[in-house]
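Just so you know, the protein sequences line up as chains A and B, in that order. The opening residue of the first sequence carries number 8 in this note's numbering; numbering runs sequentially from there. The opening residue of the second sequence carries number 5 in this note's numbering; numbering runs sequentially from there.
Rather than coming from a laboratory, the hints here were simulated on the basis of the structure. A hint or two may mislead.
[Stated by the list, open to error] With the C-beta cut set under 7 Å, the calculated list includes, among others, these residues of chain A facing chain B:
no.	residue
1	GLY76
2	SER165
3	GLU185
[To be verified] Non-contacting residues of chain A with respect to chain B, defined by C-beta distances greater than 10 Å in every case (computed):
no.	residue
4	GLY29
5	SER75
6	ASP86
7	GLN109
8	ARG220
[As the list claims (entries may be wrong)] Here's a subset of chain A near chain B, in silico, CB distances under 8 Å, partners left out:
no.	residue
9	PRO10
10	LEU24
11	HIS50
12	ASP144
13	TYR148
14	LEU160
15	ASN163
16	LEU187
17	PHE189
18	VAL242
19	LEU245
Ideal placement from N, C-alpha and C gives every residue a C-beta, glycine not left out.
Each chain, written out:
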Amino acid sequence: MTPIQFGPADRRLFGLLQPAQGNATRTGVVLCNPLGQEAVRVHRMYRVLADRLNRAGLHVLRFDWFGSGDSAGDDTAADMEGWRADLLAAHRELKARLMCEQLTWIGARLGATVAVQACTAVAGGLQRLLLWEPVLDGQAYLQGLVRDHHEALRDNYSVMPPPWRERLRTGDMGVYGELLGFGLSEPFRNQLIALAAPTLTPTGCRQCVVVGRTGDAALQAAAQRWQAGGQPCRVESLDHAFDWTSEEALNTALVPAAAVQLLADLATAP
Amino acid sequence: MSPMKETPLLFGPGRNLVGLWCEPEGGTPPAVCLLLVNAGVVHRIGLHRINVKIARHMAGQGVPSLRLDLAGLGDSRIVGQAAGFREQAVGDIQAAMDHVERTYDIHRFAIFGICSGAFNGYAAALADPRIVGLSMMDGHAFPSWKTPLMRHLQRLQVVSVGEVLAALRRRLAAPFQAGPKPPVADAVDTGGNEDNDPVVAATAAQFGQALQTLVERGVAVHIVNTGSRIDDYSYAGQFMDVFGHHAFAAKVVSEYVPEMDHSVTLLSGQRALIERLDRWMARLRPAARGAAA
């Protein structure tokens with residue numbers, strides 16, 4: 008494993024390059040983080056998944072979006088357009104450094120959504136696009152994060168600071184420039200609100216698999232629409248108790264073993 | 005903010021430890037390096053990216069830092085024979101200092117940690133004289149007789165009768181609502197068995213003795229307690245009420261910050277923490293520079 012920096016000088020990104028072990032293939036996998044606290048939660052799982060893919064002969068690049076993790080930029084520097092460019096930069100980096108001939112992207116939550124948007128710009132297309140619970144309704148996603156933010160404040164504070172005490176008392180669902188410990192700019196918030204299934208259509212991937220909870224009608228509908236539009240796509244069910252935004256991983260698995268297993272199987276399938 | 009530069013590092017005896025070196029560009033040679041360690045199982049960026057935010061702020065103040073993953077946490081791997089967690093953590097922190105000394109010619113260190121990070125910083129500071137500053141957030145806390153009283157007073161100031169009743173109802177109902185805990189795969193033991201860990205289980209007398217040792221050695225000690233631990237620490241003067249009869253107490257900077265929480269969830273709390281660390285580091289920098297000269 009080699010920690011690296013890549014991307015333009017004014018947009019340096021941090022990544023962890025993990026070359027394949029043993030009989031390496033010419034296949035690389037880019038792992039796309041979700042947003043904010045979800046990315047913190049998924050970090051360990053991505054490391055375990057990357058190790059497993061390495062052992063199966065795949066090269067892996069994990070990286071932090073601009074304005075997140077160890078990459079440059081404040082929290083509020085994050086935006087969807089920039090993140091699409093980041094993913095394409097990560098794609099080029101992995102391809103160039105480890106001579107990969109074909110690449111798979113694996114994304115979770117908002118990372119999956121960015122991958123859907125960005126894959127259309129990949130010359131020659133992707134081998135696989137694996138999407139774990141992609142965000143297809145930005146408004147609902149944001150509202151969920153606000154609820155989780157309120158829950159975290161209730162859990163963490165014995166005596167809530169005054170403005171938040173009032174907001175929680177009145178059920179105010181405003182974002183106020185922050186969510187679950189991370190700054191969120193107004194433009195990025197608006198970009199999230201604008202995310203809607205009909206505007207999201209992956210193209211050019213030899214295979215697209217959407218991984219979601221059993222009975223998730225929105226994911227099923229999106230996958231059917233993508234398939235009908237010419238993008239080969241299917242849905243895999245994965246039910247889990249993994250809490251995407253938990254502060255301290257209380258009561259939920261740090262590494263949801265079933266998710267690692269399924270994503271690794273999908274990425275390494277012949 | 006002044007220009008700064010970040011460099012990813014692999015270091016340690018087996019090049020198994022991952023860290024990010026963050027340094028100011030230009031200016032005078034730094035006198036002290038700040039080490040930022042894991043809180044719980046969160047990787048080196050810290051709770052809500054607080055270590056990154058602290059590192060970049062400090063670089064703007066001329067202070068370089070290394071934020072690192074201890075072996076078994078984040079992206080750092082355990083190599084060789086596994087030591088006890090605390091022994092391993094202290095060894096990893098010493099490996100980080102060795103690397104900074106060799107590579108950047110800086111020989112004095114301050115360390116900041118939250119929760120388990122505070123315990124690791126405390127253990128490392130006791131073990132290694134290169135550490136001249138120790139900042140611990142929500143580490144050890146020793147209640148005084150006033151602690152429960154002040155806790156109730158604070159709660160009563162902000163809680164309505166309806167909220168008290170609702171909380172009571174939740175508390176009474178909780179034992180009947182809790183479901184079984186799902187299994188945790190690949191979980192990381194962050195602190196060993198706390199009951200048997202002499203660092204975590206230190207009594208007030210043992211903690212006081214340790215602080216006495218550190219202060220006598222010239223270590224600048226900074227203690228921050230947040231609003232999340234009101235059961236154990238509930239008012240600004242608590243540290244002095246418990247330890248004020250010791251000579252070292254007046255030299256320890258102890259702050260109670262109820263507007264901050266244990267996970268620095270609110271941005272206002274993150275700013276409050278950085279401001280406090282900045283003030284504390286400002287005291288440390290001239291002393292460290294003088295001592296290093």
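Results of checking the hints against the structure:
A cut of 7 Å between beta carbons decides the hint on A:GLY76: the least distance to chain B is about 5 Å, and the hint holds. Against a cut-off of 7 Å between C-beta atoms, the interface hint on A:SER165 holds, since the closest Cβ of chain B lies about 4 Å away. The closest approach between the C-beta of A:GLU185 and any C-beta of chain B is roughly 5 Å, which is under the 7 Å cut-off, so the hint is satisfied. The beta carbon of A:GLY29 sits about 18 Å from the closest Cβ of chain B, which is more than 10 Å, so the claim that it is off the interface holds.
Separation of A:SER75 from chain B is inadequate, the least Cβ-Cβ distance of about 7 Å not exceeding the 10 Å criterion. Even its closest Cβ contact with chain B, about 17 Å, leaves A:ASP86 beyond 10 Å, as expected for a residue assigned away from the interface. Every beta carbon of chain B lies more than 10 Å from that of A:GLN109, the smallest distance being close to 26 Å; the non-interface claim holds. Against chain B, the non-interface label of A:ARG220 holds: every CB pair exceeds 10 Å, the least being about 15 Å.
Here the hint on A:PRO10 is kept, as its CB sits about 3 Å from the closest CB of chain B, short of 8 Å. A distance limit of 8 Å between C-beta atoms decides the matter here; for A:LEU24 the minimum to chain B is near 10 Å, and the interface restraint is violated. For A:HIS50, the interface hint holds, since its Cβ comes within 8 Å of a Cβ in chain B; the closest pair sits about 5 Å apart. Interface restraint check: A:ASP144 against chain B, minimum CB-CB distance 25 Å, threshold 8 Å, status violated.
Checking A:TYR148 against chain B by beta carbon gives a least distance of about 19 Å; that is not within 8 Å, so the hint is violated. With a least beta-carbon distance of about 6 Å to chain B, the hint placing A:LEU160 at the interface is held under the 8 Å criterion. Among the interface hints, the one on A:ASN163 holds; its C-beta lies about 4 Å from the nearest C-beta in chain B, closer than the 8 Å criterion. For the restraint placing A:LEU187 at the interface with chain B, the shortest Cβ-Cβ distance is roughly 7 Å, inside the 8 Å limit, so the hint holds.
Evaluation of the A:PHE189 hint against chain B yields a held restraint, the C-beta minimum of about 6 Å falling below 8 Å. Contact between A:VAL242 and chain B, as hinted, is not supported at the beta carbon level, the nearest pair being about 24 Å apart and thus beyond 8 Å. Interface hint at A:LEU245: violated, since its Cβ lies 14 Å from the closest Cβ of chain B, which is beyond the 8 Å cut-off.
Of the numbered hints listed earlier, those contradicted by the structure are 5, 10, 12, 13, 18, 19.
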